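Chains as they are written, first to last, in my numbering: chain V, 1 to 436; chain P, 1 to 436; chain F, 1 to 436; chain Y, 1 to 436.
Keep in mind the hints are simulated off the structure, nothing from the lab.
Remember, predicted model here, so these are calculated numbers, not experimental data.
Some hints could be false.
You can't tell identical chains apart in this list, so a pair holds if it fits in one copy or across any two.
In the EDC-like style, the derived pairs of lysine to aspartate or glutamate whose C-alpha atoms are separated by at most 20 Å in a straight line are [what the hints assert, rightly or not]:
(1) 107 x 96
(2) 107 x 91
(3) 107 x 60
(4) 113 x 285
(5) 381 x 287
(6) 381 x 96
(7) 107 x 389
(8) 381 x 121
(9) 107 x 206
(10) 113 x 96
(11) 107 x 257
(12) 381 x 60
(13) 381 x 127
(14) 113 x 60
(15) 107 x 285
(16) 381 x 297
(17) 107 x 28
(18) 381 x 233
There are 4 protein chains.
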Amino acid sequence: MASARPHSPEPTGPLLNTACEAGAGEREALSLAYQAVRDRTEALAAPLGAEDQNLQSMPDASPCKWHRAHTTWFFETFILQRYQPDFRWHEPHFCELFNSYYQAIGKQYPRPKRGLISRPDIHQVADYRAEVDRRITDLLNSVDQRHWRAVSGLAALGLNHEQQHQELILTDVQHGLFQNPSLPAYRLSGAPAATPAGQTAWLSLDGGLANIGHTGTGFAFDNESPCHSYYLEPYRLASRPVSVAEYQAFIRDGGYDNPLLWLSDGWAWQQAGQISHPLYWLERDGECSTQFTLFGERELHPDAPVSHLSYYEANAYANWAGARLPTEQEWEHAVRTLNAWPTEADDSLLPAFDAADRGPLVFGGVWEWTASAYSPYPGFKPGAGAVGEYNGKFMSNQIVLRGRSCLTAAGHSRASYRNFFYPDARWQCSGIRLAQ
Amino acid sequence: MASARPHSPEPTGPLLNTACEAGAGEREALSLAYQAVRDRTEALAAPLGAEDQNLQSMPDASPCKWHRAHTTWFFETFILQRYQPDFRWHEPHFCELFNSYYQAIGKQYPRPKRGLISRPDIHQVADYRAEVDRRITDLLNSVDQRHWRAVSGLAALGLNHEQQHQELILTDVQHGLFQNPSLPAYRLSGAPAATPAGQTAWLSLDGGLANIGHTGTGFAFDNESPCHSYYLEPYRLASRPVSVAEYQAFIRDGGYDNPLLWLSDGWAWQQAGQISHPLYWLERDGECSTQFTLFGERELHPDAPVSHLSYYEANAYANWAGARLPTEQEWEHAVRTLNAWPTEADDSLLPAFDAADRGPLVFGGVWEWTASAYSPYPGFKPGAGAVGEYNGKFMSNQIVLRGRSCLTAAGHSRASYRNFFYPDARWQCSGIRLAQ
Amino acid sequence: MASARPHSPEPTGPLLNTACEAGAGEREALSLAYQAVRDRTEALAAPLGAEDQNLQSMPDASPCKWHRAHTTWFFETFILQRYQPDFRWHEPHFCELFNSYYQAIGKQYPRPKRGLISRPDIHQVADYRAEVDRRITDLLNSVDQRHWRAVSGLAALGLNHEQQHQELILTDVQHGLFQNPSLPAYRLSGAPAATPAGQTAWLSLDGGLANIGHTGTGFAFDNESPCHSYYLEPYRLASRPVSVAEYQAFIRDGGYDNPLLWLSDGWAWQQAGQISHPLYWLERDGECSTQFTLFGERELHPDAPVSHLSYYEANAYANWAGARLPTEQEWEHAVRTLNAWPTEADDSLLPAFDAADRGPLVFGGVWEWTASAYSPYPGFKPGAGAVGEYNGKFMSNQIVLRGRSCLTAAGHSRASYRNFFYPDARWQCSGIRLAQ
Amino acid sequence: MASARPHSPEPTGPLLNTACEAGAGEREALSLAYQAVRDRTEALAAPLGAEDQNLQSMPDASPCKWHRAHTTWFFETFILQRYQPDFRWHEPHFCELFNSYYQAIGKQYPRPKRGLISRPDIHQVADYRAEVDRRITDLLNSVDQRHWRAVSGLAALGLNHEQQHQELILTDVQHGLFQNPSLPAYRLSGAPAATPAGQTAWLSLDGGLANIGHTGTGFAFDNESPCHSYYLEPYRLASRPVSVAEYQAFIRDGGYDNPLLWLSDGWAWQQAGQISHPLYWLERDGECSTQFTLFGERELHPDAPVSHLSYYEANAYANWAGARLPTEQEWEHAVRTLNAWPTEADDSLLPAFDAADRGPLVFGGVWEWTASAYSPYPGFKPGAGAVGEYNGKFMSNQIVLRGRSCLTAAGHSRASYRNFFYPDARWQCSGIRLAQ
């Protein structure tokens, strides 16, 4: 189901937007979008056996089965519970098991123990998904005008939410399979070839008062709003992310041994974890020549973008290179000003430089760490009700990443999209773009 | 496959013994015994789905699937590797994945991560078992006289080892299912009814020089040897283990709140863990009236033996009761002197007082904590080769338990049998018998 | 040596500035300033016995004796080592013991073990201070024109550095004495009386392009530069910090029990630490009516500013109050626009509202948590050489606080001053000012 | 005050014994003994400054000042509180600060925080000691016949208790000073020279029914009773402890790298701690040629007894040497049978083989790890009242050591004496004697 299509940084397509009126066309479009997203989740899970789907290799990661159930719980809780006549829970204790972090909804099963949920099993979760799908589809076809806006808005949120979890299914299963000394592959063939990295150009941008944040009528998360002015000094942005070869030069030059390149917390983190290369690089006899991927163990290609780095490593690399990371505002401004956006493809699963002629910015299928702590925009208001916990309460201690990765669902991201992780997170498909 | 048969404390039956000569009868008897034990493991795993079989709820517990593979690895490594012509490993990295703790064999996959072994899956483990079974059965029928003694001795060890893991499959899966708020049952019906506890009598024993340790020609582990003299003062032993009703009286009397009853380490353990009742008792609104069992949640029966206690709790209870725990020598001496042994049944799965008329000692389907630290007997020699790691290297920091439990394979234990766990272990089916 | 004098947010006084020319007046002024700051450190340590001075109650805090030695090491390392003819170390292993975090200088004694430095003792540290003082004073009088700028600049840095440690001496000793059940006082008498809090007014500010960062010729740390433009939306700022009475209302209203008010990390922190009130409030029988201060245990005064809160608590309070914390840019802009600054006094040691008529903003002797993560300003360049580690490497995971506290040395802070701590830090004298 | 005198394994001298009648002689003898022990504590503390006396380098160790106060609290609590007319506490909160672990007495200040007790300071502790000394001396002279036995028994216990803490003062201060990179000496001169180790002989002992435990009228702790029969197989005991040269051979032979020599828990401990030599050996460039002692850094002498080892190391060494550790019963039986006991000297402070002609057994000034877990003797009864917590509640998870060390007070130990520590403890002066 690979779909490769050029994509603008400001999508306004109808796919997951909230239309105010429930015409037959809107109902059908949303039902089709619903089914497409839900089907993709099951397709992503399909290559995984029951045990693979239950793997939880660290508290930050969740089992695939849990993702499948949690995204279903989201629709059940936030839509069906409120808008379905004669609603009853599919199974009452799912409400605890599959509530991720919504305090307003109730008790949550402890996150570090999600790998201990042997029941429901994968078939029972498939049944759960099927029943909720039936009920949601019915509701989308039957809900009256008065509730259409709320229901369709929550459905759009639920689908975007599910797309986020689709990416997590892949990152989490990669981390889970990595624990196995046989290094099993998630997918056996079809890995894309690396394309030449090319020279990095420094693109100059003028700065001034920029508009930052979501505009237009397309779907966006609450953390992308409100759109606001932000004053930027003139700056320069690298035309492409850092490559494996460039990162190898940093390592050869003693980058991991020189505390002066590192943030203080980063140095402590790196020393405590004895970290000396990106997460999935495989060291044998002191050398790294391969890495673990969703296609199993593969040669490290010097022309590929480097990936699976923490913010601390990205920051140390930038210091070594005599540069810095861009702020999220610089990043967004440049993407908009240059009208640049990666070609999106659903399932390449491996970072590679974007060969398509997309203008001055080249992307690499990696999320790009910014220099910005994840904070509310001026005037930020969380969504109303329990979904208000979606984003706002995470606005401390995390760092914004921008762009999209080779694991991101097509059509999911945009110029104003704000991804965020703790600075020591490495299991996401994260890379480095420099600024000056 | 329930088998209930009276049993003497000194079994000499042929089942798992090492015969010196490989007559056709011996070959056939061992093959039959082999098949029976191996089949029972699969029967115990049968009610469990793939995810259930992969559960690891704490580092001390292992997934059922891992037990199934590890016991197979034991035969492959200690018998086939050495005695099978043209031996090759079923799958080379199983050697790391399923090596529990044998340093002489090689690297071991980290114990706390056994729940992360999604592959091999349950079917691949079944294949592994079937192939090793074929090869062992062939070997038992073909190995020449010269190696018979070694092979049959290792096979007997492997089968006794597998019986130990059969008990662990049950204790570990109970702990794993306990993590699930829906409290799923391992077995849906057939729980035995509690029988009246009856009064506790104090049996007086004379002491003097006792013979302690394994005698006779039946199988025994190395830690039961050599048989030796041990001087005992006269003592008294309770005729039966402590009941739920008696333990409830201890709790009601503030037993968990009075540090003077506890060992110093026990008090620290109990305070840190906020422990106020046996492991599987379920507290709702400050009261415990049910407990989690392999049959799911069930009423706490006052006439059942109390179980799933740590040594610290057993010791505190004994202090409260104005008594003490018996030493392992007292325990063994009494069982031999009184010629007492529980009726053995393969699968009652729930502790209950032993209704059969077995003489002055009544058992309860619980392992009985002794006062004895697990130490080598005078003159102890570990088995030769890698199997020498079986017992000896664990002889520190652990406490001996004696008897057998309702989860122990029939025919597996005996008067000289020494079970051992850390003093804070509670997930075994452990109870209390008092001494004075 | 109490000195209370009105103070402008933009001090340009000569005290600790770097003059480019070494006239006799400049030399004398700097020597006098040097002596005054150095003397104040010793005066702060004077009430403390040898054991008090060695207390380290947590890794974040350091012993008073260590502060006294470290500030001396700073002058020895960064000035004498480079500019004193015939330099030799006072005592070579002090270089490891009293190096806080300067990787470019060499090895550092582990921070969590500073309380284990029994030797040098307090008298040897006094000798160390006296000798370095002699040598610095000589140098300031003798260094030639060519090095004056560098030496005087480093001396100014060293004195501002020492003033920061003076505040830490007080915060750290308060935390240290708090561990003692007898709750000893650092100072026995002279605690200032609380003054009425008064009503909070909401001051409206226009926003627009603001100048943020240090300007002028006075001393500032590198993290306050460069001065730059920042676009602000119109906002409102509370005229004074939150009072004890107001915070008590938050507690009474269940503020610590409602997860919806908290950041996700804050809730986890608060639950794990079972935190239900500010750090130094003393709970007896479920009620807090007193708090521990540098004057020992004292009544909680409703009209005092609330203090010793984490960022998480400040943020939760703001949510409860239907407001938010100001950004550091809003804070700085308001202070400049309104030309407001607290009266400064060296040693009141207790937060109190500032009774002096200082215009629309009232201060409370507490550092004010902002909503801003501690990040580099656009174009930030760390100082050259090892002092470049002073600030820049801490720019992750911390939150900016603005203003000054009742423990801050007079003349030390200014409108552009950026203090920073981890969001869970509570042992600083930190409080809350709201914005909207 | 060095006193070197030959000593028998069964002291019956009057020094710290409990006489039943309070004749003038008894009163005076006890007063003199009291003063001598109390004076020695102060003499041991005298070389230490205030900060040295407050050092707590790990939870297992306590500050010297705390030992001085705790031993005083012992007399105040167990004697004065009960027997002094018009008793009042010297200072009420000392009761919490200096209660080590007596739950029956009340709350205890947390052990890991004892280094945070800056007040009372060393002078206030000296005052505390002086006042309690006055009051105890008065009481010993005035208490009537009726209470003499109880008071004199508790006084003997208190003095033996204080002697134990005298040894801890030395072991704990050595560990505290070891944290300082300047490796300060507790004592500057007078270290005894090493004497030749000589050959190890294997002494054969017959075994049979041995009498184990305290006999006679001299003082003994409750854990040495009751005296009882214990059956021993014939065994052989090494004539002297293992030397540094012998232990170096173990290391050179890869003893720390061979898991087959180690107990399972010992291997895990050693790997986690990256332990490759005894605690105080100083490794520079991969070699150990010196060690830290109470005399500062000194050459490792091949002819000295090896010391400061954990039980795990002692056990691994014994396995490597093809031997084992003796049980505590073997040890006691041999010492009695051979009538062997070390020359006792109050303050050599460094392990050395005992040159004096003491018969077949040679001692080395080190406690000797036995193979025996610390358990109650058959019929053991703890002392009545709160002092019943003295020993009994520690009878789990610890290992018995026998003999005495070069830090033990003269006259303090005997053949039946049972010292005990956790198997990973290394900061005591512990060594190895082999058995077979």
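A quick look at each hint next to the structure:
Proximity of residue 107 to residue 96 under the C-alpha cut-off of 20 Å is restricted to the intra-copy arrangement: shortest distance 6 Å within a copy versus 40 Å between copies. Only within a single protomer do residue 107 and residue 91 lie at most 20 Å apart by alpha-carbon distance; the minimum there is 15 Å, versus 44 Å between protomers. Taking the shortest alpha-carbon separations for residue 107 and residue 60, only the intra-copy value of 19 Å comes in at or below 20 Å, while the best inter-copy value is 28 Å. Within a single copy, residue 113 and residue 285 get their C-alpha atoms no closer than 35 Å, and across copies no closer than 24 Å, so neither meets the 20 Å cut-off.
Within a single copy, residue 381 and residue 287 get their C-alpha atoms no closer than 49 Å, and across copies no closer than 35 Å, so neither meets the 20 Å cut-off. Taking the shortest alpha-carbon separations for residue 381 and residue 96, neither the intra-copy value of 27 Å nor the inter-copy value of 50 Å comes in at or below 20 Å. In the homo-oligomer, the alpha carbons of residue 107 and residue 389 lie at most 20 Å apart inside one protomer (14 Å), although the nearest pairing across protomers, at 43 Å, exceeds that limit. In this assembly of identical chains, the alpha carbons of residue 381 and residue 121 never lie at most 20 Å apart, being 39 Å within a copy and 47 Å across copies at closest.
For a Cα distance limit of 20 Å, the shortest separation of residue 107 from residue 206 qualifies neither inside one copy, at 50 Å, nor across copies, at 44 Å. In this assembly of identical chains, the alpha carbons of residue 113 and residue 96 lie at most 20 Å apart only when taken from the same copy (13 Å versus 25 Å across copies). Within a single copy, residue 107 and residue 257 get their C-alpha atoms only as close as 45 Å, which misses the 20 Å cut-off; across copies the closest is 14 Å, which meets it. Proximity of residue 381 to residue 60 under the C-alpha cut-off of 20 Å is found in neither arrangement, the shortest distances being 27 Å within a copy and 35 Å between copies.
Neither within a single protomer nor between protomers do residue 381 and residue 127 lie at most 20 Å apart by alpha-carbon distance, with minima of 37 Å and 57 Å respectively. For the identical chains of this complex, residue 113 and residue 60 are neighbours both inside a copy (11 Å) and across copies (16 Å), given an alpha-carbon limit of 20 Å. In the homo-oligomer, the alpha carbons of residue 107 and residue 285 lie at most 20 Å apart only across protomers (17 Å), although the nearest pairing inside one protomer, at 48 Å, exceeds that limit. Proximity of residue 381 to residue 297 under the C-alpha cut-off of 20 Å is found in neither arrangement, the shortest distances being 45 Å within a copy and 42 Å between copies.
For a Cα distance limit of 20 Å, the shortest separation of residue 107 from residue 28 qualifies neither inside one copy, at 35 Å, nor across copies, at 58 Å. Taking CA atoms no more than 20 Å apart as the test, residue 381 paired with residue 233 passes between copies only; the shortest distance there is 15 Å, against 28 Å inside one copy.
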